[in-house]
Every structure is written in C-alpha cells, then in structure tokens.
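Chemist: Input sequences plus hints: build the corresponding full structure.
Chains A, B, C and D, in that order, give the protein sequences.
The first sequence: position 137 = 267 (the numbering used here), numbered continuously.
The second sequence: position 196 = 326 (the numbering used here), numbered continuously.
The third sequence: position 17 = 147 (the numbering used here), numbered continuously.
The fourth sequence: position 350 = 480 (the numbering used here), numbered continuously.
Treat the hints as calculated values from the structure; they're not laboratory data.
What you are looking at is a predicted structure, and each value in this text was computed from that prediction instead of being measured.
It is possible that part of the hints are untrue.
Stretch by stretch, here's where chain B covers chain D in the computed footprint (C-beta under 8 Å, at least three residues) [unchecked claim]:
id, region
1, 283-292
2, 332-341
3, 385-394
4, 431-438
Listed next, the in silico DSS-like pairs over lysine-lysine satisfying Cα-Cα at most 27 Å (straight line) [unchecked claim]:
id, chain 1, residue 1, chain 2, residue 2
5, A, K347, A, K362
6, A, K512, C, K347
7, B, K347, D, K309
8, C, K244, C, K509
9, A, K506, C, K512
10, A, K512, C, K506
11, D, K411, C, K274
12, A, K411, C, K347
13, D, K362, B, K411
14, A, K411, C, K362
15, B, K506, D, K512
16, C, K162, B, K356
17, B, K509, D, K506
18, C, K411, A, K347
19, D, K356, A, K162
20, D, K512, B, K512
21, A, K411, C, K369
22, C, K512, A, K347
23, D, K411, B, K411
24, D, K362, D, K347
25, D, K369, B, K411
26, D, K506, B, K512
27, C, K411, A, K369
28, D, K512, B, K509
29, C, K142, B, K162
30, D, K411, B, K362
31, C, K411, D, K142
32, A, K509, C, K512
33, A, K506, C, K506
34, D, K369, D, K309
35, A, K274, B, K411
36, B, K274, A, K411
37, C, K356, B, K162
38, A, K362, C, K309
39, C, K506, A, K509
40, A, K509, C, K509
Just so you know, even glycine gets a beta-carbon here, dropped at the ideal spot from N, CA and C.
4 protein chains.
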Amino acid sequence: MTEINVAIIGHKFMGKAHSNAWRQVSRFFPGKLEPRMKVLCGKACTEELEATARQFGWEESDCDWQRVVEREDIDVVDIATPGYLHHDMAIAAAQAGKHVICEKPLANTLADTKEMLKAVQKAGVKHMLMHNYRKIPAVALVRKFIDDGRLGDIYHYHGAYLQDWIIDPEFPLVWRLQKKFAGSGALGDIGAHAIDLARYLNSEFNTVVGQMTTFIKERPLVAEDKGLRQVKAGSGTGKVTVDDDTNFLARFANGSVGVFESSRFGGGRKNYNTFQIYGSKGSVAFNLERMNELEFYDREDPQEEQGFKTINVTESVHPYVGAWWPAGHIIGYEHTFVHAFHDFLTALENDTLPSPNFTDGVKNQTVLEAVERSAKSGKWEKP
Amino acid sequence: MTEINVAIIGHKFMGKAHSNAWRQVSRFFPGKLEPRMKVLCGKACTEELEATARQFGWEESDCDWQRVVEREDIDVVDIATPGYLHHDMAIAAAQAGKHVICEKPLANTLADTKEMLKAVQKAGVKHMLMHNYRKIPAVALVRKFIDDGRLGDIYHYHGAYLQDWIIDPEFPLVWRLQKKFAGSGALGDIGAHAIDLARYLNSEFNTVVGQMTTFIKERPLVAEDKGLRQVKAGSGTGKVTVDDDTNFLARFANGSVGVFESSRFGGGRKNYNTFQIYGSKGSVAFNLERMNELEFYDREDPQEEQGFKTINVTESVHPYVGAWWPAGHIIGYEHTFVHAFHDFLTALENDTLPSPNFTDGVKNQTVLEAVERSAKSGKWEKP
Amino acid sequence: MTEINVAIIGHKFMGKAHSNAWRQVSRFFPGKLEPRMKVLCGKACTEELEATARQFGWEESDCDWQRVVEREDIDVVDIATPGYLHHDMAIAAAQAGKHVICEKPLANTLADTKEMLKAVQKAGVKHMLMHNYRKIPAVALVRKFIDDGRLGDIYHYHGAYLQDWIIDPEFPLVWRLQKKFAGSGALGDIGAHAIDLARYLNSEFNTVVGQMTTFIKERPLVAEDKGLRQVKAGSGTGKVTVDDDTNFLARFANGSVGVFESSRFGGGRKNYNTFQIYGSKGSVAFNLERMNELEFYDREDPQEEQGFKTINVTESVHPYVGAWWPAGHIIGYEHTFVHAFHDFLTALENDTLPSPNFTDGVKNQTVLEAVERSAKSGKWEKP
Amino acid sequence: MTEINVAIIGHKFMGKAHSNAWRQVSRFFPGKLEPRMKVLCGKACTEELEATARQFGWEESDCDWQRVVEREDIDVVDIATPGYLHHDMAIAAAQAGKHVICEKPLANTLADTKEMLKAVQKAGVKHMLMHNYRKIPAVALVRKFIDDGRLGDIYHYHGAYLQDWIIDPEFPLVWRLQKKFAGSGALGDIGAHAIDLARYLNSEFNTVVGQMTTFIKERPLVAEDKGLRQVKAGSGTGKVTVDDDTNFLARFANGSVGVFESSRFGGGRKNYNTFQIYGSKGSVAFNLERMNELEFYDREDPQEEQGFKTINVTESVHPYVGAWWPAGHIIGYEHTFVHAFHDFLTALENDTLPSPNFTDGVKNQTVLEAVERSAKSGKWEKP
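Modeler: What follows is the structure in structure tokens.
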C-alpha cells in the first residue's frame, strides 16, 4: 500500500463532502493507493478552521493555498471552493506538479477552463472534474445499458434539475446569487449537472436555444453564511445578478433532441435532478431524490407485460455497490464522492486519465456559454 | 341478435352500478344476446323510484319484487340489494325459472347460501355472483400469469382492503353497521372481496385464525340515507353490531400462507383493495385505487435488471381492454360490472356456467364464518 | 325535461367516445335538457355504418353530412372527424343555425379557425371545442386551487405529452402522419392538449421557440385502418409529412416560463399527458395515466411536514365527482367527454357560452402556428 | 473532548456497519466524548483479521474476546456477533465494568436476555440494544408526530418486513438458517425489527397469534461464507431449523390491533421493512427501501385536499438531519448506526440510559417467544 498525500482547499458544503470521501474511500474500496489527509486549506488561519480540519479528519489546517499547493509532500490538490477561485488554484497546483481534482463547474468562463486544461496537460498531471452524479450506481447502470444497446437509438432526452431553496424572496443574496462569484445561477450550479449527465449518457451537444430568467431581482444582503444553506439576512438589499431559472432545447450530435430545465423555484423539489431517455429499444427514468432506484422500460418485453420496472440498484452486481451493503440497504448522497475518489485512485494506480476530467469541464462550459449566448441572441447557438 | 329481458332489484349504489353495466355491455361488447332493461324494482312505488328507473335506463319500475321475478317476460333477475334480502329473492327467481345474478355477499349465513345454491341448481338456471373485482383487466392478467407459471409455486399471499368512511364517530348507524342487515362489517363487506380474490388467484383456504374489532361501539341513528354514503345523522344513538376491523391469518390448500386485513378505519385509504402474491418465480402487487396498473416482478430477469415493473394494463392484448380505448386511456370502477355482464351473457350464449357463481358464494361464506368462529374461539378454524 | 336532438359526424375513436358521452350524460348528470341521439354520419352509407350507429346508440345513420347538418330536427351538430374536415362542417352547421361542438384541433390552419369562429358568432349559435382534459376532476381542481390563490404567483410551467405508438418504423402511414389530413403530428395531436391546458391553468402565451423533428421519414402505406390504432400495413411506402416530436420553450403573459414536450417516441409512455406547475405558494403535478390523482405541494405547511400530497380526486366535494361513485372508486378516460357534454348542456340551459369554445380554438391555433414558424425561423415567435 | 475507548467483537456485516459508525460519529456529531477505536475482535488471530481491523479503522485486532473485554483501557464493548454469542460476551463485559452495546436480537432466549439485563443493571454500566431502524429520521419523525397527537388514537398497525435472499432452494445453509446459532429465522432476524418498531411507535403487545413456516426444509451445506450474503454452497445438505416466513396478529395495550408479516420469500423485496399506522387523526406509511421518505395523511386537512403526503425527510429541522447535507441530499443505511452511537455518546455524556436498551431486548424477546409459542399451540399467547 502506498500513501498518497492530499491537500484540500475549501471547507464548507463541498469541503465537507470531499473530506468525508477521502476518509471513507480506502475503508470501502481498499486499493494500492491510500490517501493521507494532510491539510485543509481555508481563507483565514482561525481556531475554527483548525477545529474543522480536525473534525473532518485532516492532520493540519492552513490559510495560504499558494503555500499549500507548493508543499513538497503534497501529491494531490483537491479544489472544493466556489467556481471563480478554481482557475488560479488549479493552474498553480498543476505548475507545482500536483494532480488536481476540481469541483464543478471547472471555472466561470470558457477561457478560464481552456487555460486550466492546458496547464494540467502541460504539467502532465492527472486531473479530474468532480461531477459526482456520474458515479451514482443507477447512473452508471444507465451508461452500461446504453453501451449494451438496451436503449437502441436515442430519440428524446429530458433533463430537469429543480430545487426550491430560494423561492422565499427574503432568502439573502449569498455568493451563489452573484455573477462575479458563481458565473451563473441555476444554469451553472444545477443545469451544469444536467448537461454533464447528458454528455455522459447521450451525446455531445450540437446546438441549443434557451431562456434565462430572474424572478426575484433584489434580495437582502447576507449577515452570516455558514455554508450548507445556513445563512442569515442582514440589512440592506443587493441585486441578484444570476438566473433563477434557465431552460433550453438542444440537438445532439447523435440526432436526438433534448429538453432541459433548471430552476431554483421548483417548489417542493429538494434535489430533483432527473432525466428520462427514450430510445428505439428502451427507456430509462431517474430521480436523484430516489437515487438508489432506476426505472427501465424494455420494448423487447412481450407486449402484455411491458412497463417501467423499478430496479433497486443495490445488488452486488451493480456498479460500485459490492463495496457497501447487501441488497436493499441503500446508500446516500456522499457515497458518490467516495466512488469518484475511488475512480481517481484507480486511474492513478493504472496511470490512466480519470473521468470526467478537465476536458469535460471545457466541453460543459462551451454548452453553458452557448445557452447564455442564446438567451441573449434569441437564436440557436452552437457550443 | 336476441333480446334477453332483465329485471333488477335495488336502486342505490349497487343498483346504479349494475344499471350502468346493463346499458353499456352491448355497446362495447356486442354479442348475440342483447339485454333489454325491463324493470327496476324498489321498496315503494314512488315517483322517485319511477324517476330513478327512467334515469338509469329501465322501461318500468315496480315495488313488488315477488311479482317482478314471476313475470313471464323476464329472463334474468339481477339482485342488487343488501345481503339479508338475497336469499328469498334468489330462490324465488330460481323457482320462477329465471337466471339469477346476485351481488356479493351471496347471503349473510352459510345456511342461506347453501339453500340458494341448491335452488338454482335444482331449477337448472344460470347463476352468477357479482364479485366484480375478478373482472378488472389487471386482476385477470394476474390469473393468466399464474396459469402460465410465471409466479411458480406461491409462498405468501397478502390481501388488505382498507377504507376510511366511518372513522368519524359521528358517522351514523347505517344498515351496513347492523348485523341483522349486513351480516358482518368490514369482514363481509370488503374482507369478502379479499377472500374471493385469494380463492380466485391463489387457492382454497384450509384454515384461518382471526380477530374482529369494533372501535366505535355506539353511533348516531340515521335520519336520511340516500345510498352511496350520502347519509345524515338524526337524534339518538344505537349499537354498532358489526366489526370495524377484521384481520386473519390463513393456510391455503396449495401450501402457501396468507395474511389478511380489512378495515373501515384505514385513514386516507379510500378503496384500498390490495394484494401482493409472492411465488418462487415471480411476484405481483395490485391496488384497486390504481386499478389500471399491475406491478410484476420476474425472478427470471437478469439479476442486474430485476425489479417490480408497473404494467399499464390498457393494451388491446390485455383481458377485456380491446373493447374500450387505445393504450393509456384508462377505465374506471364501473367497467368491472360491464365485464361481468359480458361474461354472463357469453356464458348464456355458450350454455356454460358463469364465473364466479353461487358455488363461490357458498365457499366464500365458509371462509367468512370460519373467521368469525375463530374470532370467538381464539383458535384456528377450518372453513 | 326538454329533448335536444343531436347529430354526430365521425364514428371511429372520437365518434365512439362522443357517442358514449351522449348516452351517459343524462344518466349521471340529469338536467332540464336531455340529448336525443338522432343520427350518426359517416363517409359511406354501408351496413357497417348502420351497425355502428345502432351499437353506439344512434337512431339512424347517414353518409351525407351536408344533408344532416341541414335537417330541421337537429339542434346540435357534433363534429368528431379529423381536423381537415372541421372547417366546412362547422361553418355549414352554424349557417344552418345549429349549435356546434367540434373535436380539437378546431382546424388545421389559423385562417380556418378564424372563419369558423366568425361563422358561429354570426349565426349566434353556441359552440364548444372538445378539449376534454379540462374536464378531468383533478384538472378542474387545479383550476380551483389557482383561483383560490393556493399556488400564488406562478413561476415555472412544464407540460409533457408523450406517447409511443409509432416508435416501430413499420407502423404504417396513417392519416395522423400526413400533413394534409392532420395539419401537424405530435404538435397538433397531443402538444395541442398541453397548450390548451397551459392556457386554461396558467396564462396566455407571449412568445415561443421550438423544434420539430421527424425521426422516421418514410413508412409503409396503410392497407386497412379500423381507427383506434388498429391498422395494417400494405405494400409500398410513403413520406411522413408531420413531426414525430416537438418541443418548445415559452414565456407567458403572467411572467412565468414554460417548457413543453410532445412526442410519439416516448417509449413506455402510453398516454403521458403531464404537467407540473410551480408557484410562489404551492405546486401541482398531474399525469393523465393516473388521472384520478393530483399531487399538491403547499409551501404554507409547517416545514417539518412539507411534501407532495397525492390527492385521490374522487371525493363528492371534487368537481364532477358527486355524479359518479363513492370515494376511491375511480373514473376513466371517457368520463371526461361526459363532463364536457354536461357543461355544454348546462350552458345551453343557462344561455351562456360553453367553455372551451371556438375562441379557444383560435388562440390555441395561434400558439401552434407560432411554434411551427419558430421551428423554421430558429427564432422566438409571437402567437 | 474526552476520548472513550471502544472494543468491538464481530467483523462481518454488522462489524462493518458498526465500525463505520464509530469512525463517522464524531465527524458529523461532534460532542464532548470522542470514541477511539482500540480493538476489533474476531475468532482467530489471522492476518486477514488484522487487515480487516486496519481497513475498518481499528488500532489493533485480537482473537480472544474474553481478554479484550477485561482490558483496562477499554470503556465500551460493542457486540456485533450472531445472537447466540451475545449472552456470555455481554455479561462478561458488564462484569468487567464496561458499557455494553449489543446487536439485536439481545439473545436467542428470554432467559438469556433476562440474565443480561440483570448483569448490566448490577454492574451499573450503560447498555444499548442496536435496533438501528429507530434512528432513521423518518421513523423518529413518526414518533414525534405521535407525541404531538397528530395521529390521534391509533386503531390499526401493520408491519411487514420482507426480503428475498433465500428464495433459491440452492442458497446454502448459512448460520442464519440454523436454530442453534440464530434462534429463529425470519421472525428473529427481521420480524424482530418490526416488533421493536411497533413497541417504539405504538404500544406494548398484549397478546399475539401466529404461524411460522419453513418452505424449503433442506439446503446445501456452506463451503465458504464471507458474510454480507456472499456465500458458496458445498457438497451435502442439511436441515433448515428456522422459519422462512412468520406472520402474526396482535392486540396492543393501547387497544389497537396489529398485523405482522416477516418473510425471506418476498420475491423482489430487498429490504422491505414497512409499516402503516392508522389513527383517528392521521396515518403514516414507511418503507425502508425509501428510508428518506415518510408518507403522512392528516385527517384535519380540508376534505378537498386530503391525501398521503410524501415528506422528503431531509430538512435540517428533521431529527438527525442537520448534521449531514442540505435538503434533498439523501442519507443511507449505515447512517442509522451513526445516529445510534451519537445517542449512545449523548447518554454517556448526560449520564442517562441510552434507548433502546437491554430492557427493550427483554421485552422484544417476550413477544418473539409468544409468537413462537402461539405457532405451536395454535392459540393466542401473552408475551
């Protein structure tokens, strides 16, 4: 067993999820490489940061990410900060010869993502983009069904990712609602997941037409933000500079059509990342809120007994599942990060490129920007 | 096309459902025999009865069922009254040489059902027991799956029929809550359906053990009862003499085990007539509230893709469905009666015995009485 | 009770559904006006047509619709033919002073619909457009919830109507796949329902952008078409001239955004007419395949107990339901037509205009044509 | 922060789940007490055991549980072995003054459980029984609803726990199928969970009547058993000495009735631990396979909008949830153990008795034995 030393930057929602996955990966997916959780990096060197590091299982904390990415004893830099910070961190880490894992979106602009890709390629380091939903057993099973020809030619793809955490107009102006930090709103945060899944499961995008809408244009300023949506409003208001709701149509390279919804105003939908894929031989439907299940319709069943089957994707024969519990003992959200790090470590072990990686980050960003351009031009745009 | 003249006795919930089915059967299932709706029979010769007859599509009304069952021009007597009246009507009709259709339960006592069976057999007339839920396409499809060996050996049967229309202690003491009229409560009214379905789909009962409970022992007297649960409370109260809730365990002749629930205190369950059947090769699950669907699990599917499939039982290849609408255009409650009368007319046409019939009525009653005996004896009882 | 004499034109799928509704309406919704089913009109005066008329409950059959619409004894002309025939029939009926009911779509072109509206207005007759899905109790309940302010301001509307009856490339070139008869394909047949529901429940459309796709461009010619999708392929092939799949985005007059899918390639979806409406105070979700249910989310519930509630829309307090059966005894597809005719007769009785009517037909058609224009122009188009 | 030293006995399915929970508890529920994972104890001192200890996060391994429970540095002994071993281990641990956590069932006989309870009480140590399903947020929410009076008087309780891992008659004779190791089969393994939940949520049991059945009486012997149902058949067969399927009726101390099913022959049910509770004011329904959801029916909703609501029990206001992820990001099976250890540590911190504990183990066992007695006597039996 070889230890591989990890540094993480970011300690809120994503920092917590990544930290957990680093702790858990070798417990459930023992391999030749075992991550050692060296240092957690935050903005300020506070006692709170040190406490968080300890709680999350890191040996040390630090507040100077530039120093951290250059530490000789660090092999992997894991970037779990808001998107606007990714560019500089990833490039610095690559230049220091570290393997880089980066939360999605890779960056807030296409230009940035291209520079980042170039940097990791030039440095010859491994790179991974954290689109954790590819790593859900049910999603990986869809990929397998498609590879096996079970859906046939795909005709129609619908992806919808709805949440509802900002319906209340009094919910404050957190960084995710500001363009300078977040790049975009519903589109870049959750629509990006829908785009990545469509690219993973279906095909590259040929062209898109979309609309972006901000329903609540002014919100209270933030008094306190503890991450994980635990936030308090202060006095004064500010302008919401991102979209609350973005929808678009698509044509894919494989000839299929796509319909996409992303909204933070989907009342009652907590984490409703859903897709339905309709092909000549079969269909599937998935909902993240029931992520251990997959609905599968097989047109080759006898007509009398056709229907959508609810597969409980918890059998040891299913992707990733054998490492966990017996059939019917479901897994949760954070397991997807464990799977991702398992794939990352396996790629390192085999000297292959992890998937998805920065190339996917660039391609996803071209789609995001095409949607944004289309929302302005009122026309179809090519990524 | 030959006309066949029908008289019906009863004009409330069941009278309405049967009348509709007589009107509809030849519209959707045209055959050699076409029913002619001659006369609707009620308790009193009122204008209201005549109006009801006209509204339901009957040529005449009458208030003397004895006169009606002896009319020379009547071929079929359809009894849609409360159970305590069935015995005399069915026997009189049989003795008058009429074919007899009888609502379930066949009667309120085993002795009565046996006399009725004897009477129709002696008279050589056709007889049918209206257990309409056998005639649901999804239920008939289960019967076919079992015949085709798709479930293999059956191990475990669960039937639950829950409603909630009397949870409110102020709901008045309608005839269904009085032993002298209804025989029993949840058991005979809805549990009887669960028993009949189990006999139809699984096996005869070998032995049962049960408990019967009356939660609300005293209720307001009825001021007005328009049928169909539209009823008003008056002053004074009376004793509830039937069970609110009855459950029992069973062993079947085929070696399988059974678990049965029937309750009128199942809050939120409107017409929750459900069963799940588990066999060595497959399982099914059904819920009357979604009567156009059947859930089917096939153990012979590859392990990776096993699961309960929701079959939309609305394809033209499904039982009874071809007569109605294209796939996905669902049918409703009252269609089950149309199917039953179609089967009845087909049996008449082919000179065979309709199914289910009075023999089933006797057998169902033996199970009902065994449950009642067991509730008193505290022991397993044989039907 | 006053008789009102009805003639119907059309005797296949829609003719069957309308005929049933004329037979049933006064049985379940007795009113002052009672329809008398005078004559069923088809293309050719055959024995088969006469038999169909008899089976469906009509007194006579005829093959000359022009003669029929001018018969003095006819009060209402009910047009249940393919869309390309509606224009001439409706105008002739109006000019003959008859009230007119017309299946959707009102016509295949906007110009035609406008002429039809003008004709009925000029003649001063009542007119109704048969968008039967407005008459589903669950849909009418949504309308009531919105009227009562239960959804608040509506932000996001998603309508999807998917079927799968032509996925097989060998399914023949029926009239619904030919532009000259059907106007358009998925869009005009099922997308039109989604549009009408959105106008009924949400708001008028301001602007749309869409894509129309034909996946299978050539199909076998029809050898025999019995309606109701019972059709046989012959030799030779022909060109499919309508869309298999149409999707579009919308902006509504009330400021909300819309996303629409319509496809005949939605494998496993039999009659999947669904919508979800998200507002500031609540959300609803509906699926025609479970048309007796409505999912309702109320943001004003305590946070601890929020969630989508499955309302079994079968209580006597629900729209239309009191006329049928007790709670939990579901109704089916064809009941929606009965409700529509009940509303029509009530409007006649009260001398008001039925809803929806030809004005809705014109408005729906403007949206359909805007989608078609947009699919060609690649730009947003105004209805 | 004070460290508290833990030793665990058992390293298969339950050992893995408990170990994970010890690792995770302070990461997500930081408190004053932090467990230190000292030693994992197995049957033989092998390299494999040492490797497992390391993988699961334990400092050492040992193969002499008696030595381990007497180690001075150990504060808590966590027993995660098959039931027949619990008695001696728990008593030895108690006598050594250790706090004891014991997997369910507490023991295989009532006599044993009583001795164990006596031992921990005499030693004055804390004791906990690991019925982890009490610690599911949705289940804890039910408990809260009942405490708040939201269900009113409870009338009817149905618990069913079905799995299907031994339907195949070739599945070998693992220890869970042998009375000497497991005590009983479906009853003690999964029925015990249903009993514990009913006691937790509803009431103590007054009397029961049941049936126990073994469908497959002879099975292949085991060649290799890696735990977690990963097992290979060898040559020869042996007798199945436990029940495959056990069902029973119950009367509770609070006047409600109960119906219970437990089966390992429920084809397609992977971990179908379900209950429905019907009360005068509301009802709930739960299914472990969708353990992040709770269905709740509130009779006090207006009649027009009543129905079962699917609560996504992932809000920060829900029990235990605040420690994990934002709304809609579901948790999995193993989290229930984390919650249990959190409760255990909190009890230690506050010097209170954890819940459930050995007293519950005794009471559960009285119900299990009453069901067994009843299956033999054919009569109702009191626990």
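Chemist: Regarding the pair K411(D) and K362(B), is the alpha-carbon distance no greater than 27 Å?
Modeler: holds (22 Å)
Chemist: Hey, K506(A) versus K506(C), does the alpha-carbon distance stay inside 27 Å?
Modeler: Distance ~19 Å between K506(A) and K506(C) Cα, so the pair holds.
Chemist: Assess, step by step, whether the Cα of K512(A) is no farther than 27 Å from the Cα of K506(C), and give holds or violated.
Modeler: holds (17 Å)
Chemist: Below or equal to 27 Å on CA atoms is what counts here, so check K411(A) against K369(C).
Modeler: holds (23 Å)
Chemist: Given the hint that K356(C) pairs with K162(B), does the C-alpha gap stay at or below 27 Å?
Modeler: Roughly 22 Å between the alpha carbons, so the hint for K356(C) and K162(B) holds.
Chemist: Can you confirm whether the C-alpha distance between K506(A) and K512(C) stays at or below 27 Å?
Modeler: Since the Cα atoms of K506(A) and K512(C) sit roughly 17 Å apart, the hinted pair holds (cutoff 27 Å).
Chemist: Between the alpha carbons of K411(C) and K347(A), is the straight-line distance 27 Å or under?
Modeler: At roughly 18 Å apart (the allowed maximum being 27 Å), K347(A) and K411(C) satisfy the hint.
Chemist: Taking 27 Å as the top limit, are the C-alpha atoms of K506(B) and K512(D) close enough?
Modeler: Holds, because 17 Å separates the two Cα atoms, which is no more than 27 Å.
Chemist: Are the Cα positions of K362(D) and K347(D) separated by 27 Å at most?
Modeler: holds (18 Å)
Chemist: Does K512(C) pair with K347(A) here, judged by a C-alpha cut-off of 27 Å?
Modeler: Holds - the C-alpha atoms of K347(A) and K512(C) are around 25 Å apart, at most 27 Å.
Chemist: Holds or violated: K142(C) and K162(B), Cα atoms, limit 27 Å.
Modeler: It holds: about 22 Å lies between the C-alpha atoms, which stays within 27 Å.
Chemist: Assess, step by step, whether the Cα of K512(D) is no farther than 27 Å from the Cα of K509(B), and give holds or violated.
Modeler: holds (14 Å)
In terms of the numbered hints stated before, the structure departs from hints 7, 23, 31 and 38, listed from lowest to highest.
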